[in-house]
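So that you can map any letter, position 490 of the first sequence is 490 in this note's numbering, and since no number is skipped, the others follow by simple counting.
It is worth saying that the hints were derived from the structure and are not from the lab.
Everything numeric in this text was worked out from a predicted model, so none of it was measured.
Possibly wrong hints are sitting among the right ones.
Subject to a maximum C-alpha distance of 30 Å in a straight line, what follows is the list of computed BS3-like cross-link-like pairs (lysine-lysine) [stated by the list, open to error]: (1) Lys51 - Lys243; (2) Lys193 - Lys106; (3) Lys90 - Lys150.
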Amino acid sequence: MKEKVKEDRIGLPPLEDAEQGNVVTRFPPEPNGYPHIGHAKAAIINDEYSKMYGGKNVLRFDDTNPENERLEYWAAIKVGLDWLGIKYDKIKNTSDDIELFYDKCKDLLNQNLAYVCTCKRDEISKNRKEMISCKCSESDPKQNEDGWDKMFHKYKPGEAIVRFRGNMESKNTVMRDPILFRIIDARHPLLEKKYRVWPSYDFAVAIEDSLDGVTHAFRSKEYELRNELYYEILDALNMRKPKMGEFSRLEFKGMPVSKRILKPLIDDGKVSWYDDPRLPTLEALKRKGITPEAIRKFTLSLGFTKSNTLAPFDSLEAFNRKIVDGNSIRLFMVKSPKILTVSNLPHSVVKLPNHPSNDMGVREVTVEGDILLSSEDVKDLKINDQLRLMGLGNVKITSINSKITAEFTNDNHDVSFRKIQWICQKNAHKLKILIPHQLFIDDKFNEGSLEEVDVYTEPHYLELKDGAEIQFIRFGYCRKDSMNQAIFTHK
RNA sequence: GCUCCUGUGGUGUAGUCCGGCCAAGCAUACUGCCCUCUCAAGGCAGUGAUCCCGGGUUCAAAUCCCGGCGGGAGCACCA
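Can you make the complete structure from the sequences, with help from the hints?
So, in structure tokens, the structure goes:
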């Protein structure tokens with residue numbers, strides 16, 4: 001019996017058969033859409049493992065279906081990964097190796113481990129269900145070689161495919177003579193019309209992983225049944241086999257990731273674009289003010305498990321809040337303003353700290369004329385109540401009508417009554433804050449998912465860079481999106 | 001339907017392989033206190049789990065065995 005060692009582990013669980021310095025991981029996205037939180041999870045896990053073992057990490061664009069790929073997606077994925085701070089030792093495309101796949105295919109054909117099938121699509125599917133082999137599977141290597149040739153110039157798309165000789169009676173349906181190659185005439189963004197016989201995912205990943213030196217290959221758990229095929233293909237080709245691992249897919253409640261759902265929303269104008277702050281795309285998360293560090297910590301906190309989970313968005317926010325708090329400038333902001341006139345105010349300019357504890361300097365705010373307060377801060381106000389206007393002074397309410405009047409009493413910080421933020425009406429900057437809510441509720445689009453609030457903030461807002469993280473005091477963290485728009489990050 | 005995977009507090013996990021240190025750790029959420037010119041951050045404390053259910057093995061089970069049940073996925077010329 002082995003000695004049981006129990007230690008508190010930090011981060012991901014150790015890998016089986018992993019040697020320090022000899023681990024190679026890989027992230028193989030298909031360039032068929034914008035990167036989202038699901039990509040981030042896979043990319044981060046691979047990145048972390050390669051770092052943990054001082055190994056290498058390969059980025060491989062899995063572009064084996066020219067009908068789906070677009071150049072802009074290559075770029076978007078790269079931008080997203082850069083943003084996440086992930087570096088790769090090697091970047092390549094699966095399509096770089098097409099000729100090589102052809103060689104491997106011929107090898108299989110010669111060994112009679114694959115065959116060209118010219119059956120109709122629905123017949124193939126029917127045979128799979130009923131575990132019946134078709135007559136094509138009986139053809140000999142010579143005939144298959146001939147069929148393979150014809151796939152390049154004679155057959156039309158759909159007329160012939162290459163199938164792996166698996167096991168039509170296997171309980172694992174992916175083993176029932178799966179497809180290895182098919183004909184696609186669409187133009188590939190990189191290779192244009194150079195090829196029309198394309199390898200399937202299963203064939204390409206197995207070979208690529210093996211050839212790229214990948215020692216540990218991870219994918220989300222819906223691929224689990226394909227492991228058997230993966231290994232069998234490599235065995236048939238007598239190639240080195242990486243270790244496979246699976247993790248659960250990461251998705252947030254009510255935040256769909258699939259293009260099938262998102263595309264119509266964008267077409268209908270219900271969602272502005274892939275960077276709409278309600279979406280779980282990397283662009284959207286960034287725009288909303290979620291930091292890459294938070295995404296990484298969050299991903300790691302989910303662990304490496306196969307249990308299907310409902311991801312806790314509030315935990316992502318908690319990580320983010322801690323990260324962002326230290327460098328978010330504190331600004332005043334008021335909603336649905338009520339006017340307050342203060343008599344005998346002693347200052348015309350006040351200095352306000354940009355951060356309560358960190359040294360982020362101060363800003364000067366000129367105070368003249370009326371002051372704006374959030375209506376929710378004054379709704380229960382009575383005459384003679386006292387308020388502290390933060391950074392300005394304490395006031396005592398003298399009258400409450402359509403406007404409120406008050407008189408300055410003193411500037412004592414140490415008071416027990418409410419301390420509230422304020423804005424000087426003369427230099428108030430009008431701003432729109434976008435507050436994203438859950439996009440879907442019970443599979444139905446949430447019409448109120450994007451709340452817009454008109455507010456007033458300090459003119460200092462204009463001096464901040466776009467993308468600056470702000471904490472509107474007593475409201476929450478927001479990210480400057482533009483001159484007159486900010487996006488609510490979280491409380 | 002068949003096959004595979006999965007099931008620990010409201011939520012996400014650690015622990016399960018190698019039974020005892022686990023009347024179950026951490027994080028998040030919530031509550032209270034402290035700190036604070038914020039309803040943030042920080043500090044402290046608290047609420048909250050018969051470890052899906054039922055049997056069995058054992059001195060001892062979240063952990064092993066058997067049988068149920070719940071959830072997810074695959075059954076594409078997508079990846």
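Quick rundown of the hints versus the structure:
1. Lys51 - Lys243: 17 Å, holds
2. Lys193 - Lys106: 22 Å, holds
3. Lys90 - Lys150: Not satisfied, since the Cα-Cα distance of roughly 35 Å exceeds 30 Å.
In terms of the numbered hints stated before, the structure departs from hint 3 and from no other.
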